[in-house]
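Trainee: Given the coordinates of chain A, work out where chain B should sit on it, guided by the hints.
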Amino acid sequence: MSELAIELSQVTKRFGPKVAVNAVSLSIPLGQVYGLIGPNGAGKTTAFSMMCGFLHPTSGTLKVMGVAPTTPGALKGKLGALPQDAILPPGWEIGELLTYWARLSGLPQPEREAREALDRVGLTENWFTPTEALSHGMAKRTAMAQALMGKPPLVLLDEPTAGLDPRIAAQVRQLIRDMKGQQTVVVSSHNLQELEELCDGAAILDRGSLVKAGTMSELTGLGAEFRVQIARGDVIPPELTQLPGVTSARMESPTVLLVRFDGQAHKPEEVISRTVAHLLQTGVLILGVTRGQRLEDRVLQIL
Amino acid sequence: MPATLDGLKEIAVIWSAETLRAMRSARTLVLLGLYAMFSLVTLLAIGALLGGGRVSPGALPDLEQLPPVVEGVFKVNLFFLPVYVMLMGFDQISGEVGSRSIRYITLRARLSSLLLGKFLMQASLLVGLVLVIDVGIFLYARYAHPNFTLLAMALNLVKVWLATLVFSLAYVALTTFCSSLFRASGLSLVFNFCLIFGFLLMELAGRYYQGKSLLEYLRFLSPSYYSSNLLSPVLSEFGRSGLAYASFTGLFLGGAYAVLRARDL
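So the sequence lines, in the order shown, correspond to chains A and B. Counting from 1, one number per residue, gives the positions in the first sequence under this note's numbering. Counting from 1, one number per residue, gives the positions in the second sequence under this note's numbering.
Chain A on its own, in the form it takes in the complex:
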């Protein structure tokens, strides 16, 4: 198997005249926690649904864990997924439902798997609760539990914390953190702070197209830019661009200096130290230095 968990090549999905996903090419390496970012209607859920094999791409090719996801039974045991808008079927108690699904997945101890999964999402006491009686949050946690059963190598989570209260959302984030390094996790979310904290990499989608993809460090510019908050003094940006590694420098606002540098060839600490030293030598007083940019700011800037 390749080192990629998911590979999209020029994937397009149309619903009638509407293009939901437009020629997206994307690779998600094995073992990463990867984010799908974008505003409403960006194509995140459509892309997610194609990765799970729920939707057929109109054109292009997809491979998930080395196979086409729409091939019947190909992803059994390899993929756990939390679909955003799938309703839990009525007429079941959740313990019984999860045991049924665990049995269908071919897990060796279905009831134990179901109990452990419910335990992980804090629903141990709700074994006998009918699916019709679940609140939105409980239904989401039940759906999350089914995605975790059997510890599949790839887990896709569409908006896992949407609609959850802060305490439960924190539990879910912890679950994702726990999976880090052991399973590949793809998370789609509007909560950019959450994604910045959890993800190793991310793809930004807008109106169906891939706008940017990369490691979180690349996206936030952690290894390529920093900002200096100026307290007093005159900054002369052209002088800074003469420093080794600095590729550009400009005043982003009257008190914030933005410096970009070649992160491949120069270590951030060296470039930052040289820049700060130069500023101090020229009589500029500084209040602080921050590396990169918050993901939220970056996304707002891009979109």
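No wet-lab data here; the hints were simulated from the structure. Yeah, the Cβ is synthetic: ideal placement off N, Cα and C, and Gly gets one too. Incorrect hints may appear among the rest.
As the list claims (entries may be wrong) - One side of the interface only, derived from the structure: several residues of chain B facing chain A at Cβ under 7 Å:
#1 Arg-21
#2 Ser-99
#3 Asp-264
What the hints assert, rightly or not - Cut-off 25 Å, straight-line C-alpha distance, at most; resulting in silico cross-link-like pairs (DMTMM-like, lysine to aspartate or glutamate):
#4 A:Lys-76 to B:Asp-264
#5 A:Lys-63 to B:Asp-264
#6 A:Lys-76 to A:Asp-119
#7 A:Lys-76 to B:Asp-6
#8 A:Lys-78 to B:Glu-71
#9 A:Lys-78 to A:Glu-116
#10 A:Lys-267 to A:Asp-200
#11 A:Lys-78 to B:Asp-264
#12 A:Lys-212 to A:Asp-200
#13 A:Lys-18 to B:Asp-264
#14 B:Lys-9 to A:Glu-7
#15 B:Lys-9 to A:Glu-116
#16 A:Lys-63 to A:Glu-3
#17 A:Lys-212 to A:Glu-225
#18 A:Lys-151 to A:Asp-262
#19 B:Lys-159 to B:Glu-71
#20 A:Lys-180 to A:Glu-116
#21 A:Lys-78 to A:Asp-119
#22 B:Lys-9 to A:Glu-93
#23 A:Lys-151 to B:Asp-6
#24 A:Lys-151 to A:Asp-200
#25 A:Lys-151 to A:Asp-178
#26 A:Lys-63 to B:Asp-6
#27 B:Lys-9 to A:Glu-111
Mentor: Frame of chain A, contents of chain B only:
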């Protein structure tokens, strides 16, 4: 595990779980009750039409053939069975596609397993229901005709039961097919009803144009056309009808699978 064995295991798991759920569901119980009552009313009506009353024991020689009352109830039941099957299963697939709960299943099982598991679940319910009702009808026949021998009763019970099953499986498959076509269960129901009605019209038109026009061949396309030979004492005639129903079952299930494979879930 080899793919075929895994597929069979999936079918068994879906069938057993869905059957348990269906047996607990109020709708199934209500429909079973209604069908049983409908059969009872039919039995009483046909019994009354045929003269009713109980034959005096010893007045007639042993009865080896199917009593007319049973044959009458069988024919009336067969006429309405497609509608009953439709009401029982019109949302078996569309209900899952519409709510997208099918996505939880397709992550774990093949679509073919889902279809066959659901089909077998519906078939199992019918097997049980038809048996219960047939036993009831035959007990009545035995009461009304004390000269109806036990052996003849048992043999005819099996025959009627098998005939009803062969017939109804094709309509369960038709319902599965219609349910696979739409996301909205209501549309599946209406389309299913239209097909049942259409098949009936095709049979009637075929019979009407017999020897008059090419339209006479329409009747061969209607499943209901083949029901007349289901109780035939000639094995080859029953066999031909059975084969026709098996073909319709295969055709409808194949169609349902092709639709589900091609569509977005």
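Trainee: Does each hint fit the structure? Answer for all of them.
Mentor: The hints, checked one at a time:
1. Arg-21: 5 Å, holds
2. Ser-99: 4 Å, holds
3. Asp-264: Result: holds, 5 Å to nearest chain A Cβ.
4. A:Lys-76 to B:Asp-264: Within the cut-off at roughly 18 Å; holds.
5. A:Lys-63 to B:Asp-264: Holds, at roughly 17 Å.
6. A:Lys-76 to A:Asp-119: 23 Å, holds
7. A:Lys-76 to B:Asp-6: OK: Lys-76 of chain A and Asp-6 of chain B at ~11 Å, within 25 Å.
8. A:Lys-78 to B:Glu-71: 55 Å, violated
9. A:Lys-78 to A:Glu-116: Holds, because 19 Å separates the two Cα atoms, which is no more than 25 Å.
10. A:Lys-267 to A:Asp-200: Roughly 20 Å between the alpha carbons, so the hint for Lys-267 of chain A and Asp-200 of chain A holds.
11. A:Lys-78 to B:Asp-264: 21 Å, holds
12. A:Lys-212 to A:Asp-200: Given that 25 Å is the threshold and the Cα spacing comes to 14 Å, the pair holds.
13. A:Lys-18 to B:Asp-264: With Cα atoms ~15 Å apart, Lys-18 of chain A and Asp-264 of chain B stay inside 25 Å; holds.
14. B:Lys-9 to A:Glu-7: 31 Å, violated
15. B:Lys-9 to A:Glu-116: 24 Å, holds
16. A:Lys-63 to A:Glu-3: 12 Å, holds
17. A:Lys-212 to A:Glu-225: 17 Å, holds
18. A:Lys-151 to A:Asp-262: 40 Å, violated
19. B:Lys-159 to B:Glu-71: 11 Å, holds
20. A:Lys-180 to A:Glu-116: 19 Å, holds
21. A:Lys-78 to A:Asp-119: It holds: about 22 Å lies between the C-alpha atoms, which stays within 25 Å.
22. B:Lys-9 to A:Glu-93: Holds, because 23 Å separates the two Cα atoms, which is no more than 25 Å.
23. A:Lys-151 to B:Asp-6: 20 Å, holds
24. A:Lys-151 to A:Asp-200: 20 Å, holds
25. A:Lys-151 to A:Asp-178: 12 Å, holds
26. A:Lys-63 to B:Asp-6: 23 Å, holds
27. B:Lys-9 to A:Glu-111: 17 Å, holds
The structure does not agree with the numbered hints 8, 14 and 18 stated previously, though it agrees with the rest.
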